[in-house]
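The primary structure of each chain is shown beneath.
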Amino acid sequence: MNIQFRAPHLLACLAIALPLAASANAILDGYQAETKGTFSAAAGEKLYNTVGPKQLSCSSCHTSSPKNVGKHAKTNKAIDPMAPSVNPKRFSDSAQVEKWFKRNCNDALGRVCTTQEKGDFVSYMLSVK
Amino acid sequence: MRLITPLLLAALATASLSACAKYNGEDRGKPVMPAQSNAKWAAECAGCHMAYPPGLLPAASWEKVMSSLDKHFGTDASLSAADTKEITDYLVKYASNRWTASAAPLRITDGQWFKAKHYDKNEIAPAVWKRESVKSPGNCMACHSGADKGNFDENSIKIPQ
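In the order they appear, the protein sequences are chains A and B.
Under the working numbering, the first residue of the first sequence is numbered 1, with each subsequent residue one higher.
Under the working numbering, the first residue of the second sequence is numbered 1001, with each subsequent residue one higher.
Quick caveat, the hints were computed from the structure, so don't treat them as lab data.
One or more hints might be untrue.
Claimed, not checked - Straight-line distance between alpha carbons at most 25 angstroms, and here's what the computed BS3-like set of lysine-lysine pairs gives:
| no. | chain 1 | residue 1 | chain 2 | residue 2 |
| --- | --- | --- | --- | --- |
| 1 | B | Lys-1064 | A | Lys-102 |
| 2 | B | Lys-1115 | A | Lys-74 |
| 3 | B | Lys-1115 | B | Lys-1158 |
| 4 | A | Lys-77 | B | Lys-1158 |
| 5 | B | Lys-1135 | A | Lys-71 |
| 6 | A | Lys-102 | B | Lys-1040 |
| 7 | A | Lys-74 | B | Lys-1135 |
| 8 | B | Lys-1040 | A | Lys-71 |
| 9 | B | Lys-1022 | B | Lys-1093 |
| 10 | A | Lys-77 | B | Lys-1064 |
| 11 | A | Lys-36 | A | Lys-102 |
| 12 | B | Lys-1085 | A | Lys-102 |
| 13 | B | Lys-1040 | A | Lys-77 |
| 14 | A | Lys-71 | B | Lys-1149 |
| 15 | A | Lys-99 | B | Lys-1040 |
What the hints assert, rightly or not - Some chain A residues judged to face chain B by a derived CB distance under 10 angstroms, without partners named:
| no. | residue |
| --- | --- |
| 16 | Lys-54 |
| 17 | Lys-74 |
| 18 | Thr-75 |
| 19 | Ile-79 |
| 20 | Lys-99 |
| 21 | Trp-100 |
| 22 | Arg-103 |
| 23 | Asn-104 |
| 24 | Asn-106 |
| 25 | Asp-107 |
We treat Cβ as the ideally placed atom computed from N, Cα and C, and that holds for glycine.
Bound-form chain B, shown alone:
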């Protein structure tokens, strides 16, 4: 008993900690956008969509995304080997520092924190996501006009018609 009690306590503590981990350990980083920028990341990602802040996904996700650019969500977004490496290094270095889960989704919108923030309270009607001005949940800028600068502040949200 003398041995078992501390073990049991430790096990209980671990279990309760992981159960309480925010968003099951799938949390975006703080800050989502590092102070340090990267010109290649900014130019190449923003060639087709907003350059997503590195802190929105864990390092393992960025590695997967960047190693399959020739099949990037149905589009060929391939880059030179040198550019791929530079951008991967930047994303991995500043990836989410609060992500503890082993899950590494390809889509930012598949992370638990994203789902909790956008779907859990039914604040946003499903039809809103389908508006031409929104088009997809990946279009952060439709509602968060400062998203490209890492500003997702609740008070600056404007849902377009």
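Here chain A stands alone, though its shape is the one from the complex:
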């Protein structure tokens, strides 16, 4: 059998493969490798709305939808949207992501977040379209 790769076929293959490649996230893959478990976008959404001991949640500054521009609770500074669907820079730099998880889990929840929670959270962010 003689298979010929013709341009229309290749394009069709790319059209299928590209969205798959775009939904993969290296940071999420890293958490996955660490926990070996599965992540839940629903659990991530719950975490996003959890109010901690200082009466703060993620949504206090990032608003009820991660697609919105947020506002720093103390300084009023505008915060770029967190959902990668509207702000592709998000969840692309591991050092940035870890820096903000460290700070904001502490501020909002009064503790560090587990790798499972981070995976759930990123799954939720990636699911917001």
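Starting from the known structure of chain A, fit chain B onto it as the hints suggest.
Positioned in the frame of chain A, the structure of chain B alone reads:
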């Protein structure tokens, strides 16, 4: 007497000098913003608020601020050790060159020069500071639109409603 007079004069001169030191020695630097910038300082500080010019506080203040970033005015603003060091070095290097007092406040707004400039003449009504457009005395940009570039020129002040 021959010995005492010069001593007395010296003591008097010192006393009068320190009494006359502007803002009791708590003066911002000149310039407040160095010509030399630092990318880490600009990016990290401005992540949450205007990156305050180094000359607004003395070196000892910056050292205190930067060594307690995990408890930064009620917020965790911690950075990696490498970034903390780079930004501390920058702030300390260009800290106020006119600050002679030993006081090293954590807040820029606690410095004598700040209080003298903003509160002494009652030019700004207390209610102005509470406006949503101002929010806090730490929000320089509300009235000094060039503050992030070190421009606090009196003539360019616009107090928002």
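Against the earlier hints, flag every one the structure doesn't satisfy and list their numbers going up. Result: no hint breaks.
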